[in-house]
Amino acid sequence: MTVTEDRQSEATGQTAKEVGRDRRRKEDQRLITGRTRWTDNITLPGMLHIAMVRSPYAHARITHLDTSEAKAATNVVAVLTGQDVKEEQGSLPNAWPIKADQVAPDHPSVAVDRVSFAGEIVAVVIARSAAEARDAAELVDVDYEELPAALDLREAAAADADQGVLAHPELGTNKSAYWSFDSAEAGTGSSVDNAIAAARADGVVVEREYRQQRLIPAFMEPRSVVVDPTGEQLTVWSATQIPHILRFLFAAVLGISESKLRVIAPDVGGGFGGKLQITPEEFITILSARRLGKPVKYTETRSESLMAAHHGRDQWQKITVSATKDGTVTGLKLDLIADLGAYVAIMGGGVPVLGAFIANAIYKFPAYQFNVQTVLTNKTWVDAYRGAGRPEVTFAVERIMDELADELGMDPLELRRKNWITKDEFPFTTVTGLTYDTGDYEAATAKATEMFGYDELRAEQKRRREAKDPVQLGIGISTFTEMCGLAPSRVLGTLNYGAGGWESASVRMLPTGKVEVLTGSTPHGQGHETAWSQIVADRLGVAYEDVEVLHGDTAIAHKGMDTYGSRSLTVGGEALVLAADKVIEKARPIAAHLLEASVDDLEFTGGRFNVKGTDKGLAIGEVALATFAAHNLPDGVEPTLDSDATYDPIDFSYPHGTHLCAMEVDTETGGLTMRKYVCVDDIGTIVNPLIVEGQVHGGLVQGIAQALWEEAVHDDAGTLVSASFVDYLVPTAADTISFETANTVSPSTTNTLGTKGVGEAGAIASTPAVVNAVVDALRPFGVNDVRMPCTPERVWKAIHARDGAESGGAPTEGAAAPHFDEQDTADRTAGGTDGSVL
Amino acid sequence: MTRITVTGDGATDSDDVEPRTLLVHYLREQLGKTGTVVGCDTSNCGACTVHLGGRSEKSCNVLAVQADGAVVTTVEGLAHDGELHPVQEAFRECHALQCGYCTTGMIMQSIDLLNDNPSPSEDEIRSGLEGNLCRCTGYHNIVKAVQSAAGQLPSTDALERSNS
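Each protein sequence line maps, in turn, to chains A and B. In this text, residue positions in the first sequence follow the working numbering: the first is 1, and each later residue adds one. In this text, residue positions in the second sequence follow the working numbering: the first is 1001, and each later residue adds one.
The set of hints was computed from the structure by calculation and includes no laboratory data. Every residue gets a Cβ at the ideal spot worked out from N, C-alpha and C, and that includes glycine. Hints may be right or wrong, so weigh each one.
Unchecked claim - Some chain A residues flagged as far from chain B (calculated, every beta-carbon gap over 12 Å):
no., residue
1, Met410
2, Lys586
3, Val692
Stated by the list, open to error - Now the stretches of chain B that chain A is said to cover, found in silico as 3 or more residues with beta-carbon under 8 Å:
no., stretch
4, 1026 to 1040
5, 1093 to 1103
Could you put the whole structure together from the sequences, leaning on the hints where they help?
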C-alpha cells in the first residue's frame, strides 16, 4: 500500500525549508552542560534506596534464607524476599507469545524457592541510603543447593524429561515454541525442498552453520527507577524506552487503574533495545514504595546491568542456499535455535520471528523456508538488541552469499547483482509475501564501490596473495535491506503480538503562535526534539525555534507506543504530519471568516492563509491568537486549533544499503586492522542528515563490535564471566576508525514524508561486511568461516586449522573459554571449501 | 566522618564525608553536581571524568577525602557567563553526542587531551579518549569534535559529509 502522491508532494514540496537541513540538536544544550534529568539524579524527600541480593548460581534451590542480620543493620527499613512478595508480585508479562502453545515459566520478580540464572534477585534490601542498603545486602545469608544448569542452546533443544538438563524441570522441556514459514504453504513461492533437491542434482547447494553469539546491549546509563506513591497516584520514573507500554503493563499486572499511574522516562541514556523491557527491578521498586508508603529508588551497578538486564542475539543458525550453475539463486532455508535465556522476556520469543520476513534480503529467491525453535536455558533472559531478529538473518544470508560466490568462482558483488531486485521491479512482492516499496540497489552499490575503490582494492588483494604477503587483505560486502516502521497493527495481530503498532502525536498552537508538539515515540538519544521540530516547522510554516517537542511522560504525551524497531520517524513522523494537517484544517475556516473570504478561495503556503489573487492573508499564528480570543469566530466552531492524530502504518518501509569493508589480516599473529569502511545507505527522505549520519556511525560500531570483540561469555557453571567492562569489550575510540558514509534517496511510498528507518541499519549491515572481509582475506588458507567475535586467536587458529596443529583445539586456558567455542571453530573451518558443498 | 573542603566549579564547600565515599558520589549526592555521572563500577567507562587540580581524573577512582583542599572542575563549571567552552560547542556543532550520558565525561577528557596536545593527530585523539566509552556515536563525530575544537576543521562546515 502507498500514500497518495499529493500528500508526498506537499511534504517534499518547495516549502520544505527545514526537512533535509542539518540542524544542530535542540537536546544538546542540557546534555553538554550537565543539566540533565537522568533518573538516578532524582531525589525526593524521605526517599529510600534499594540494593538487590542476587544469585551467584545459574540454577539452584534456595535452601535457607536469613535476613535477620540485614534487617538489624543501620538505617535498614525493610528486607523483602520472594516469600514476602509471592502473592503480590505475580509473573512478569510476555507480550509476544509467538504460538498459542508457547511454553513459558512464571517469571517472579524475586525468586521464591529456586533461581534460574546467575544474577536473579533473591532478596531486596531497603535502607535510608544506597550505601547502607548495599552494606546490608552483604548481610543477607542465603544457602543454595546447586542444580544442573542448561547452558548450551543446542543441548537444551535436545533435552527432555528423560535426558539432558532442563532449565525449568517443572516444564518437562526446554523448548518454548516452534515457529515456521514455508513459501509453498503460504502460497508466496515454491517448495524449497524441491529447489534444493533439484540443485543437488544439477546446480549448487551450500550449507553452513553460523553462531550468533550472545551480546549485551550495554547502554551507557545503568537502569534506574524511582517510584513515588503520593496519595492515590503512583509516579514511576524509569530509564526506559517504553513509558507508555510500561504504564499499561504495570496496570495490568498489579491491578492498578491506569489512571492512577504516571510513568516518566526522563533523559534516558541509550537503550538499543536493552531498555525495551518490563523489569523485575521496576516491579520490586513499585512494590517496595507501595508497601512502605515512601519514595524508593533503585539504580543498578554496571555489573548488575551486564548480568541481569536482558541480553541480545544468541542463535545457532543452519542456512542452506541453492542455485543454478550460472549463479541464479533458487532457494533459501534457515533452521534456527534461539536461546531465550531463563525467562521469556517481553518481546523475547518474537525477536527471531522478526527476521523471518526479511531473511531473503534483496534477492529474488523463488522458494524459502524459515524454522525457529526457541529454547529456555539457565542464562540471562534474551530480548531485542539493535536490529532484533534482522541482524541475525542478514548475517546468515550475506555470509552465505559470499560462500556461494566462492563456490561458483564468482565475484561476490557480481553474484549479488545477478540476483537482486532491480530498480524497475519495485514495488516488489517477495517470497515472504512482503512488498518492498522502493529501492535502488544499483545506485547505492555503484556509489559505494566508487567511494571504496573496489577495483583497486581487489587488485591490491591479488598482488598480496601472489606475493604471499604475511598481511593479507580482505574485502567484505553486505548489501542489506530491513523492514522498518514497526508495525501495521493487523500484521502484529496475525503474529500474536499483544499490542498495536500505531503512534500518536499532538500539535498545539499556543496563542502566541508558538507550537507545542507531543509525541508518543519516546526518544533516548535519537534527537526527536530536533527532527520533529523540523517537520512541524515545514508543515505549519512556523519557525523551527518556535516548536517545542514534549515526550516521555504519560501525563503529558499520554498516548504512545514508544521507540524501537526504527519506527519513530516512519510511524510517529506520519502521526505528526497528520496532526499538523488537522491544525491547518481547523484554522482554515477561522482564517476565511476573519478574512471575509470563502474557504475555497484560501490557499495555505509558507505558514499563511492567503486569499487567492489578492494580497490579503493571515499568518497561522495570527489565526491562533484570534482563536484564543474567540471574539470573532464562525458559528459553531470550537475555539481551539489543537489536534491529535494516531497513525497506524499502512505498511513497512525498506531501507537498504551497500556496505564495504577492507580488512588487513596479519596471518602470522591473527591480528586484524580495519583499513576502510564505506557505506551508502538508502533510507528514503532524510529529515536531518547530521542525525542520520550519527545513527549510522553508532550502528556500524555496534555491528563491527559483534564481528570482532563483544561476547557474553559464561563459564561451565553458567556464571557470566564478562560481567564488567573489563571483560565485556565495548569498543573504544582507539579500536575504531572513521567511516565514509553517503546516501542515495529512494523515498518510501508508505508514508507522507517518504522516510525509511535508520536506527538499526548500521548494526544490521556491518557485522556480515566485517566477517566477510576477514574470511575473504583468509580464502587462500582454505578458511570459510571464523566464529564471532573474530578474535586474533580464532583467526590464527582458523589459518592453522589445516595444519592439524590446532584443528581439534585444546580448550583455551582460563575461565573465559566460551561454551563449545573451539569445537565450533574447528568444525567449520577444517573442511575448507572442499567440505562446503553437500 | 571526615571533614573536607573542596573548591568545586568555583565555589568552596566544607562537608563531612565517610572516608570510603568516592569523589563522584560526593559530587553527585552532597554537592548536587549531577552532571557528572556513574557508568560502571570498574573505572572503565570514564563517564565520571572531572578535572582534579587541572588534570582529568575518573572521579570514581578518587576518594572524596583525597580531594580535600583540591580544586575540582566538573562539566557544570565549564561555561562562563552563558558562553560554552569551545569543546562543549564543538560537541554540539559536530553532533558528537546522542543520548549524552558519556558526554560530560567525554568533554572533560577531551579538554584534558587538548591541554596536553593542542594539535593532536586522529590517532592521538583516539588513544587519548581510550578510557571513555561511548555506545551511541561510534566515536566518529567525537573525534571530529576534538579536531574542530583544535581548529583542525573548516569552521563553516565542521563535518565533511558526502550526502548527495
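Against the structure, the hints:
no.: 1; hint: Met410; in the structure: holds (29 Å)
no.: 2; hint: Lys586; in the structure: holds (35 Å)
no.: 3; hint: Val692; in the structure: violated (8 Å)
no.: 4; hint: 1026 to 1040; in the structure: holds (count 9)
no.: 5; hint: 1093 to 1103; in the structure: holds (count 9)
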